[in-house]
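In order, the protein sequence lines correspond to chains L and F.
Terminal number for the first sequence in UniProt numbering: 435, no gaps in between.
Terminal number for the second sequence in UniProt numbering: 264, no gaps in between.
Bear in mind the hints are in silico, worked out from the structure with no lab data behind them.
Glycine included, each C-beta is placed from N, C-alpha and C at the ideal position.
The reader is advised that the hints may include incorrect statements.
What the hints assert, rightly or not - Listed below are several chain F residues computed to face chain L (Cβ distance under 8 Å; list not exhaustive): (1) N24; (2) G26; (3) R98.
Said to hold, decoys possible - Calculated Cβ distances over 12 Å to all of chain L for the following chain F residues: (4) P5; (5) E77; (6) H78; (7) R80; (8) V130; (9) F155; (10) G156; (11) V157; (12) L162; (13) A248.
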Amino acid sequence: MSTLNPKRDIDIQVPLLTRVEGEGSLEFTARDGRIEQLQLRIFEPPRLFEKFLEGQDYTEVPHIAARVCGVCPIAYQMTSIRAMEHIFGVLEDPWVHAMRRVIYYGEWLQSHALHINLFAAPDFLGYADALQMATRYPEEVKRGMLLQGLGNDMLRLLGGRSVHPIGLRVGGFHRAPPKHEVADLVDKLLAARDAVREFAAWAVSLPRPVDEQDFVSVAIRHPQEYGINEGQLVSDKGLDIPFDRYPTHFREHQVEHSTAHYSMMDGGSYFLGPLARVNLNFDRLPQEVQNLAHDLGLSFPSRNMFMNVAARALECHLAIVETLDILQHYKLPTRPWQDYTPRPGIGHHCTEAPRGMIYHRFEIDRDGRVKTASMIPPTSQNQARLEQNLHSAVEHFGLDHTDEALRELCEKVIRNYDPCLSCSTHFLKLKVNRE
Amino acid sequence: MSAKPRVAIHKFASCSGCQLAFVNMGAELIELTKLVDIAHMAEVGHVLSEDEDMDIAFVEGSITTPHDVERLKKIREHSRFLITMGACATSGGIQALRNNADTAEWMRSVYAKPEFIHSLSSSGAIANYVKVDFELWGCPVSVRQMLAAVRAFLFGVTPPNLREKVCQECKRRGNNCILVTQGAACMGPVTRTGCGALCPSFGAPCYTCYGPAENINVGSFGRRLMGLGLSQEQVLRKFASINNAAPAFSDAAKLFCSEPWMEE
Ligand code: SF4
Ligand code: SF4
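Pulled out of the complex, with its shape left as it was, chain F reads as follows (with noise of 0.2 Å):
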C-alpha cells in the first residue's frame, strides 16, 4: 500500500467554506494528492472512522454539541499533528456570539420544537478541547498557508506563524490607507494579514476575518474608531464579529461595552 502520508479533513460546525476553498484549488488539489493520501474528506466521498491512524487532521468547524467533543477527542488520539482550519475552528467563529447570549430563548424564538436539538449552550475553539499542533485563521482560510502547513510538517519544521497586521501588507502592495484618507472604519490595524490585504485592496474596510494579529492596542484603537464617529457600541461591534471568540477581541469588546458581556 502507499507510503504517503494521510490526511483527514473533518468538519464540525460550519458552514464548509474552508473545505471548499480547499476542493477550489483545481489543479493544485491533484498536484497535493501526490503528496499525500486524502484519506478522510466526506465531501469527496472519502469516509474513514475517527479510529483510524492519520498523519495530518485538519478540523474545520467550532465544538457545539456533546458529541462533538467525544468526536474530536478519537479524533485527536488518532492523529500525529491536528491543525485548526479557519476562524470557527481557531477561535469559534462568528456563532460564538451565542456564547453572550440566552441562547435557550434564541432556539425556542427560532425553532418550534427547541427540545429536539442537542446543543450546548457554547460554540467552543477546537483548543478549549484538545492540543492543537498548528492554527490557521482566516474565514475562509488561505488555500496557500494551508500547503505551506502540510510541506512544513512533512519536513518535519512548524510552519511559520505570521501575526503581522493587514496593514503592513498594505503597505507593501501600495495601497492608500482608506482609514487615514478616508476615515473608513478599517479594522486592518488589529487583524493578521495572510488575506494579502484583500478589502483594502477593493476599497473596502478590514473586518477582522483572519483574527487579532500580534502587539495590538484595543483600547486606543477603538477610541480611534470612535473619533472617527462610531459609536461605542458600534466598536463593540466592530471587534464582536467573524473572530468575537478570539481572547483580544473578546476583551475588546468587555472594553466597549457599556453593559456588562456576558460570561461564563
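Next comes chain L alone, as it looks inside the complex (with noise of 0.2 Å):
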C-alpha cells in the first residue's frame, strides 16, 4: 500500500484543528525520513487567571475559576472549593459529597457524549463533521444528543445552568433540590438507561485503529468508589500520595521548542483522563458497568490508545447507573452547606475533570482573600504524552503514506484525548498560524 518515498519533505500544517474544544493548530515536518517537528500548537491567548484570582474575596473564586474553561466549569470550581476547605478545616458531609458526584457525573456525561457523538465518531466513520455524519446516522446522532442533554440536566439540578454553573459554593450547594425535581430527573434517567448501553456497545464498535504504546497511568483512587472528588493520587508504577504532595512529584516547566507549559512526573511523562481511570480504578466501577465492559468483550488495563473511547463509553454509563443510585435514595438535608470559619493557609485538592486530574493549590490570607493560586488542568499535564505519542504513531504508521493519510493519523492521535484548548492557564502562544 505504501508507495512513496519516506525520505521526500513532508510539510504538514493543520492550521485550525476542528472537532476539539478550544483552538489549536498541527504542525509536522520531516526532512529526509527524520521528523524535524510534530506538535500540536495551541493559540489560546493566555488569560492569566492565576493571577485575576490573587487579591479576591474566597467567595468569588468558584465565578472567576469556572471562567478558565466553559467545557469544564464544575472542574475548577469543585478542585478550588475542596482546596479552600481543607484550609478551614471542613470535613465533607455525606449529603455534599454525594450531590458533588451527581454533578461531577452531569460534567463527564455531557462532555464524554458530546466527544464521542460529534468529535470522535465521525473520525472513525470517516466524515469530514458531525453534521455530515448526521445525515447517514440520524438516531445515533439524537441518541448522542439526549445523553449530552441528560448530563446538562443533571448539571441544572444542581448548579442551575450547564455553562459556570451558580448552584457550589464554599461548603456545599447554595440549594437543596426540592423533591420533585429529583424525581422528574430520575424518571429521565431510567428511560436513558437502554440507549446508554447502546451507545457505548455503539462507541466500542466503531472501527478504532490499535496503537499500542508505553505510558504511565495517573488517576485519583478511592477506597470505596470510582475517584473522582476525593481519594490519593495513583500511578501503574507505584505512585500513592495525598493531594499535598503533588508539588514534590509533579513539575511544569518550559521546553525550546513549543508553546505549552509541560508537567512531568518524576521525570516523565504520564497520561491521564478516561482510559487512565478505567485501568487504575476497573475494580472501582459498579458491577453493572463492569458486566457491560465484559458484554461488550473489553479488558482493563489497555495499552492500546484508542481504547479511550470505550473508556469514556464506559464512563458515559456509570454516570448515569451511579447518579440513579444516589437519586433513588435521594432525602432533603436540614441544609445544603456546612459552617465554617475562614483562616489562613494553603490547601491542595484534585479531582478528575472529564479529561483528566486537575489539581488547584490555594494560599488564602487573614482576610480571606487569595494570596496566590495556582491550577494545573489535564490537557497541559497531558502535553508530553500526547507529543511522544504523536511521534511513535508516526513512526509506527511509516512516513512513506500520504501527507493526506499522516494527517488524518495525527488528527485522530490529537483529537483521542479529547484536548481542551480553551483551558488557556498554562498554555501560551507562540505563532498564529491561520493564512
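Using the hints, put the two chains back together into the complex; each one sits in its own frame.
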C-alpha cells in the first residue's frame, strides 16, 4: 500500500484543528526520513487567571475560576472549593459529597457524549464533520445528543445552568433541589438506561485503530468509590500519595520548541483521562458497569490508546448508573452547606475533570483573600505524553504514506485525548498560523 | 445550492462556554440548522476562511492580539450582521482585568519565557474595533436570546434589547429579595436581566454576569453595599468582575477605588 518515498520533504500544517474544544494547530515537518517537528500548537492567548484571582475574596473564587474553561467549569469550581475547604477545616458531609458526585457526573456525561458523538465518531466513520455524519446516522446522533442533554439536566439540577453553574459554594451548595425536581430527573435517567448501553456498544463497535503505547497512567483512587473528587493520587508505577504531595512529584516547565507548559511526574511523561482512570480503577466500577464491559468484550488495563473511546463510553454508563443510585435514595438535608470559619493557610486538592486529573493549590490570607493560586489542567499535563504518542504513532505508521493519510492519523491521535485547548491558564502562544 | 442564510461562529480569547451553550441546545440545534446553514464553526468541524461572505457572524471572545484585530476586520467586511456573543465579546470579559494591571509583569510571573507571547496589553470588546449590529450579554449567553436574535434578523427586524434589572425578573418569579431579607451583597439591582434571575432563585447573590442594566446609580448602590458591611475595596471588586470593562461598571470601580484606577 505504501508507495511514497519516506525520505521526501513532508510539510503538513493544519492551521485550525476542528472538533476539539478551543483552538490549536498541528505542525509536522520531516526531512530525509526523520521527523523534525511534530506538535500540537495551542493558540489560545493567555488569560492569566491565576493572577486575576490574587486579592479576590475567597467567595468569588468559584465564579472566576469557572471562566477558565466553559467545557469543564465544575472541575475548576469543585477543585478550588475543596482546596479552600481543606484550609478552613471543613470535613465534607455525606449529602454534600454525594451531590458533588452527581453534578460532576453531569459534566462527564455531557462532555463524553459530546466528544464521542460529534468529535470522535466522524473520525472513525470517515466523515469530515458531525452534521454530515448526522444525515447518514440520524438516530445515533440524536441518541448522543439526548445523553449530552441528560448530562446538562444533571448539571442544572444542582448548578442552575450547564455552562458556568451558579449553585456551588464553599461548604456545599446554595440550594438543595426539591424532591419533585429530583424525581423528574430520576425518570429521565431510568428512561435513558437502555440508550446509554446502546450508545456504549455503538462507541465500542466503531472501527477504531490500534495504537499500542507504553505510558504511565495516573488517576485518583478511592477506597470504595470510583475516584472522582476524593482519594489518593495513584499510578500504575507505584505512586500512591495524598493530594498535598502533588508538588513534590509533579513539575511544570517550558521547553524550547513548544508553547505549552509541560508537566512531568518524577521526570517522565504521564497519561490522564478516562483510559487512565479505567486502567487504575476498573475494580471500583459498579458491578453493572463491569458487566457491560465484559459483555462488550473489553478488558482493562489496556495499552491501546484508542481504548480511550471505550473508557469514555463506560464512564457514560457509570454516570447514569451511579447518579440513579444516589438520587433514588435522595433525602432533603437540613441545610445544603456546612458552616466553617475562614482562616489563613494553604490548601491542595485534585479532582477528575472529564479529561483527567486537575490540581489546584490556593493560599488564603487572614482577610479571606486569595494570596496565590495555581491551577494545573489535564490537557497541559497530557501534553508531553501526547507529543510522544504522535511521534511513535507516526513512526510506526511509516512516513511512506501520503500527507493526507499522515495528517488524518495525527488528527485522530490528538482528538483521542479530547484535548481542551480552552484552558488557557497553562498554555502560551508562540505563533498564529491561519493564513 | 441552499439558499438558507449562512451563519458563522468565530472565537477569540474566551473559555468556549458560549459556543458550548449553543451546542448544548440539543434538539433545538437541529431545528436551527433547518433555518440556517451553519457554515463556519470549528468545534463541529466546519471551517471556512474569513473571506467567505456570511449573513450573520456570531463572535465569541475578546481581542487580545494584533492578529485578532486583522481577523476581526476581515470577518466584519464579509458579514451582513455581526452579533457579539457573551461577556468576553461584548465587554472584554473577565480577562479585561488585565487592562488595569501591569501585563508585562504578570506575563513574566506566569511564564518563564514571556518573549514567546505576542499579545496586546489589553483585552478589548469587539465594538472597540468594528461596528457591532447587536450585543448578546451574559456569561454564558442565553441560547433563548441567541435564537430570538437569529429569527429577528431573518425577518429583517432588530431584536428587542432588554435592559431591565435582574430585580424585575426576581419580582416576577416571586423570589424573596435576599438583599433585603438576608443582607446578601446581591448585584441584581445593577445587573441586566436575561438569565431569569437564576442566582437569587438559588438563594445566591447575583455577580453581574449579564453586565450593567439601564439607568443604574452605581454610586448609591455601592454605598448601600458598604452599609451591609462591605469594605470600599470589596465594593470595587463586586463591580470589577465578569464585566469589569463595561463602561458603567468600570466607572463604578473608579468611584470606589482608593488608589487611582489605572487607565489607558
Ligand atoms: S462570555 Fe463567559 S461563557 Fe462566554 S466565552 Fe466568555 S467567559 Fe466563556
Ligand atoms: S443572577 Fe446575575 S450572576 Fe446570576 S446568572 Fe443572572 S446575571 Fe448572572
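How the hints compare with the structure:
For F:N24, the shortest C-beta to C-beta distance to chain L is roughly 5 Å, which falls under 8 Å, so the interface hint holds. For F:G26, the suggested interface contact is upheld, since its CB lies about 4 Å from the closest CB of chain L, less than 8 Å. With its C-beta approaching chain L no nearer than about 6 Å, F:R98 sits inside the 8 Å limit, and its interface hint holds. Non-interface status of F:P5 relative to chain L is upheld: no Cβ of that chain comes within 12 Å, the nearest being about 16 Å off.
Against the 12 Å criterion, F:E77 stays outside the reach of chain L, whose nearest CB is about 16 Å from its own CB. The claim that F:H78 lies off the interface holds: its Cβ sits roughly 15 Å from the closest Cβ of chain L, which is beyond the 12 Å cut-off. The beta carbon of F:R80 is kept farther than 12 Å from every beta carbon of chain L, the shortest such distance being approximately 22 Å. Against the 12 Å criterion, F:V130 stays outside the reach of chain L, whose nearest CB is about 18 Å from its own CB.
F:F155, annotated as away from the interface, keeps every beta carbon of chain L farther than 12 Å; the closest lies near 25 Å. No Cβ of chain L comes within 12 Å of the Cβ of F:G156; the nearest lies about 27 Å off, and the non-interface call holds. Annotated as non-interface, F:V157 keeps its C-beta farther than 12 Å from every C-beta of chain L; the closest such distance is 28 Å. Listed as a non-interface residue, F:L162 keeps its Cβ farther than 12 Å from every Cβ of chain L; the least gap is roughly 18 Å.
Remark: the non-interface label on F:A248 is consistent with the geometry, its nearest Cβ contact in chain L lying 19 Å away (cut-off 12 Å).
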